[in-house]
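Student: Spelled out, the chains give:
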Amino acid sequence: MSETRASSRATENAAARRALEEACGRVEDATEADLVDGVQPDLVARPTSTAEVSEVMRAAAAHGLVVVPRGRGTKITWGAPPARADVVVDTSGLDQVLEHAAGDLVAGAQAGTRLAALQEVVAGAGQRLAIDETVPGASIGGTIAAATSGPGRVATGTVRDLLIGVTVVRADGVVAKAGGRVVKNVAGYDLGKLVIGSFGTLAVVTEAMFRLHPEPDARSYVSVPVADPAEAHRRTQDVVHSQVVAGAVELDWSAGAGTLTLMLQGVARGVEGRTSTALRVLGDSATASTRAPEGWGRYPWDLGATGDDRRVDMKLAFALSGLSDVLTAVDAAGVPVRLRGSAGAGVVYASMPGDTDVAQAGAVVERLRATCAKHGGSLVVLDAPAAVKRGLDVWGPVPALDLMRRVKDQFDPDHRLAPGRFVGGI
Amino acid sequence: MTQTPPQSSQAGQGPVEVGMPSLMGAFDDHRPPDAALVGDCVHCGFCLPTCPTYVLWGEEMDSPRGRIYLMKEGLEGEPMTDAMVQHWDRCLGCMACVTACPSGVQYDKLIEATRAQVERRHERTAKDRALRGLIFSLFPHPRRLRLLRGPLRGVQRTGLDRWMRRTGLLERLSPQLAAMESLAPRLGRPIPLPERISAKGPRRATVGMLTGCVQGEFFPGVNAATARVLQAEGCDVVVPRSQGCCGALSHHNGREAEAQKYARSLIDAFEAAGVDYVIVNAAGCGSTMKEYADLLSDDPAYRDRARAFSGKVRDISEILVELGPVATRHPLEISVAYHDACHLGHAQGVRAQPRELLRQIPGVELREIAEAELCCGSAGIYNILNPEPARELGDRKAANIVATGADLLVTANPGCLMQVSAAIERSGHPMGMVHTVEVLDASISGVPASELLPPQRPERS
Amino acid sequence: MSGTHGTNTTAGPGVGPTPPEATESTGQAVARPDAIEAVLGRVRAIVPAEGVISEHSRLRTYECDGLAHYKVTPALVVIPEDARQLAGVVRACAEAGVPFVARGSGTGLSGGALPRADGVLIVTARMRSVLDIRAEDQRAVVEPGVINLDVSRAVAPHGYYYAPDPSSQQVCSIGGNLAENSGGAHCLKYGFTTNHVTGAEWVSPDGDVVQLGGLAPDTPGYDLLGAVVGSEGTLGVATKVTVRLTRLPEEVRTLLAGFASTDEAGAATSAIIAEGVVPAAIEMMDALAIEAAEAAVQPNYPAGAGAVLVIELDGAADEVEHEFAAVERLCRDNGAFEIRVASDPTERALIWKGRKSAFAAVGRISPDYIVQDGVIPRTALPEVLREIAHLSESSGVRVANVFHAGDGNLHPLVLFDESVPGSGEAAEKVSGAILDLCIKHGGSITGEHGVGIDKAAYMPRMFNDEDLDTMQLVRCAFDPQNISNPGKVFPTPRLCGEVPGKRKGVHPLQEAGVAEVF
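Chains as they are written, first to last, in this note's numbering: chain A, 1 to 426; chain B, 1001 to 1461; chain C, 2001 to 2518.
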């Protein structure tokens, strides 16, 4: 019986593979390098155009294959592991910068394009896509799917503030666009918002259009040591309510103390003036530099770590008035927690040792999560060693989950897009 | 789905759709609200937040845009319903919407035309009729008001008024009558003005002065101050004995024929006086007198004279700024909150002049009131006909005034003074309340600022 | 597709307020006549009597919003006082299958709040409390009926303001702004409503109340808040809105520059952007628009100008001063013959007054007009303006241009006189051709007024069937009955298929591994 089933499975697999190969020039057997947070896929398809992605998705739909979209794979272990992964749709072959209209301050690229590659193109015109490359080598698509952000969000926002047009391929292979190539546009629903931070569970992004910003003439960094949570809180408040117009307000924190650093950007003379103002606001212990401090724009963990070498990596969000409470809770965690992030936006990243006992890690996560929730925010476990992750509630409670399920059911009724990776098991 | 009327038909101005008998619509053919003026409204809604009743209730029908829409319905053939009349009646006529309107919709003309139709065509309840009758047989008649002064002063002196307010007896008999009583100011001694007062120093103009009905009888001090200031600034002041009511209350409440009658008499009285300007210190009167040209546009005998008359009308603050100061201003160390009377600010566009006059006084600190464009709820006789919303608006205005922390409230209309003083009294934060010209008079006469503030009341025993 | 006034136009086929017969043929649900009675009965138990309007002449005052071109008398108007009442009304509608339309101040210019003859109009004008000002968090929580400008007034004492500033900011409501993703003159630098709303208490079209987003950014899960902002009332109704507050700038400098032509003004705009300066606003008006503004509010713009630019810079004082010098230079380099700098708030207000009242002011120079709203890439500005001029010349239809030059958002005002036969049709034609120009140049059919009823028919010119179908998946998730502002945004409704029963969480059988859901 089981042999029959196995052989019919094999036949089916062969048929599915043939269909995928017809859809896309490059279909390969998955290797260990293609693991999706510990889940082994069978195949990897490498389409090079939106049309090919569409064909791949149609083939996968026809054969009931579960698809995990992947860009450059730099965050493939983030979130919860998928329940299953038959085929990885790897978009690294979609690597073209499609357009850079410098006069219109917009640029577009295919999803597999590395963020850095797009930056290089637009830098030629003295412009930038105002998204910090917090994970080196990341693709445009992966950046959208994971909604990563860095220090610059205080001034220029995040992906959701910069994405103006998107092309996606649905689970059934249908290609759809939303938005456009102009910044100001309210025609139709903003589907871009829905795919941002969706971890590939709603559709495969194949192209994206962004608004750009001019590259500032000058930047300066003003740092001040902060001795305790109350001081970190007070200084952050002093800065955000002042007129220094900080481009970033970053806090680097461990062992009960830290450093607060402002980044000031703009025309040289203005930056000079605001640097003096910032030094005045932050007091005698503040220092200014034209260079970013060590670790600027990097998460407080080693991105190269894999498997059990990973730490328990978390993203914390909270209303600004909650900073002191959050830091106090971090200090009381009972394990050494490193924290870095935007005190000015209320979004920080923290990590604790990967060998933290599962129960203890769970307790820390819940305590910090409760503190964030008390201040109108949330905590998400981005990554952790497999054993620890299994024992944690990765996403935590999510309001409006029923509506989210209904959205998922409409876009992916068979739940074949990265099932289980997202909130509430979506 | 509805259709708007065509802009014109073969009948020319006919506001009613072709083929629709005019009998069916809300309005008859005698000066209905002008369909072309109604059509000027582009429905942008900029008037909504400035309309006191919309601010209170958030209902489209109680906004200028909604009231114009009701007129449009009427012009399209909808009958005049009780609902329509109710919403038009609730308009305070403050004209804040006219100020706010970017399209220049002449709502003032529309609501006046509508009100005249309502008065002629709509059957009011017996109680409503009686009250309106009482008001119009009293307010426009200085002599009758004067007769009322005695009893009111008696009532106030005996404390009977406070007793009546406390017991709510009057309120139970009629909230409107209670409103009338509560608005009556504490009365001073009447000061009769001579018919002619000569300028101090070289004469710069000869001006006629309207003494008004309510102003003259309830606020005689304001008229005296007006005369003194005009005199000090070099004006010969003529106060024609034959002058009567200007017709503002009638005009604003749809009593068209009555208003026209008053207008003709007043024109006669001031023409006879031979003056360069006609000076008014009550905002409601001034705004109506500036509209005589429209009010009498159908009267061939008075049309041109009305236009000439309207051209001479000036609010006291306008003429003083036009002439420029000559009399010495003595310092008054006092903080002042200036309240724009709707019929001065919105209807006449006079906002800068009173402020300029106050700022010219050394020591005066001028403070602005939040929601300045919002009516205080007085609106002529509105607070008597619609006491509840008027009271709400009065309280809102009082709170904004008190929030300025100023020593003194200054405004330029007797209705506002009565309404706001009643509201401020309710708020429990008593403050001085005077007319703009009284502040000037105090400064020019060198009277100390304390004279403008309320006396320390010994009544709490 | 027009913002006309005084015209007796009915909607075109398949576009406008469709009568019941027509709606059935397009698959639109139509409520049974007795259903509205059922809703009325329930509403009376929820909302105080003065908030329930059913008398005919009163209902009619709600038959159009800021786009008076389309009119439908609603079956019922309800003005709830709080979130509980509003949710109760929505639930009553959902259970009776009665469509509802939400309305704030009724200032929208795309007919987005056009009522349904078989439906309920839910007006938020009595929900206007600023509930919480949290300066420390740079947030305020307000009810949907709160007027945009009142948010800024309320938070000003804390040194903050609410950045999105549509021209109607003194009257439009935050709920309406959220529905339309309103922009404004200053969105060039500061973005739109979607960038300034971080949370909403939301009544979904089945009457459930859910929290979307919150005080903090980056709420985990799908960004449903991002989806509902700009959804034009088709995904439910907000009952509370959490807005981001922006620090009042240290310095604001406003400049008015007169040019001989729109070409020169356009060139100056491009030069400023190319310099790397991001002003808070760059607004342009052409000669005809200037004429209208002068007639209405006398802003005293430079005499004889073929175009004016209103440019505003804000931020830290040092920066603004430097950038302002650059802007002044670039204006002169590109032919500005007169430059005026506002020296105080009064002068600044006067410069802006001319611009902000421009739409309504056009009523002074033309009995009727259409307010158009389209977007083009900024660099296409000179070319598109020439094409519009050509359209105008060849058709004899006058077009006044007012627009946000910084972000390429055009507001051509197409003038006509309804009393002249054929004039309205000619204007409609020019107005439509302008939208086609926007699409041709890679722009959008609406930058801030929304699609509403007015432009639903244009959606297929910008998006193909698959795009529209995919957008409507979201609608099917939120509103499978299609009762929340039906007939807006999309020219043809998507059939949502079987209305799924509300599935709370994972099905127990699925969880136990016994069954899989397909």
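By construction, these hints were calculated from the structure, which means they are not laboratory data.
Computed from a predicted model, the values in this text were never measured in an experiment.
We put the beta carbon where it would ideally sit given N, CA and C, even for glycine.
Take the hints with a grain of salt, since some may be wrong.
One side of the interface only, derived from the structure: several residues of chain B facing chain C at Cβ under 7 Å [to be verified]:
hint, residue
1, His1043
2, Cys1044
3, Phe1046
4, Met1061
5, Glu1073
6, Gly1077
7, Met1084
8, Val1085
9, Gly1349
10, Ala1352
11, Asn1400
12, Ala1403
13, Gly1405
Computed footprint of chain C on chain A; a stretch qualifies when at least three of its residues, placed anywhere within it, have a C-beta under 8 Å from a C-beta of chain C [unchecked claim]:
hint, segment
14, 65 to 75
15, 222 to 235
16, 340 to 351
17, 375 to 382
18, 409 to 420
Student: I'd like to know which numbered hints this structure contradicts. Please list them from smallest to largest.
Tutor: 6, 8, 9, 10, 11, 12, 13, 14, 15
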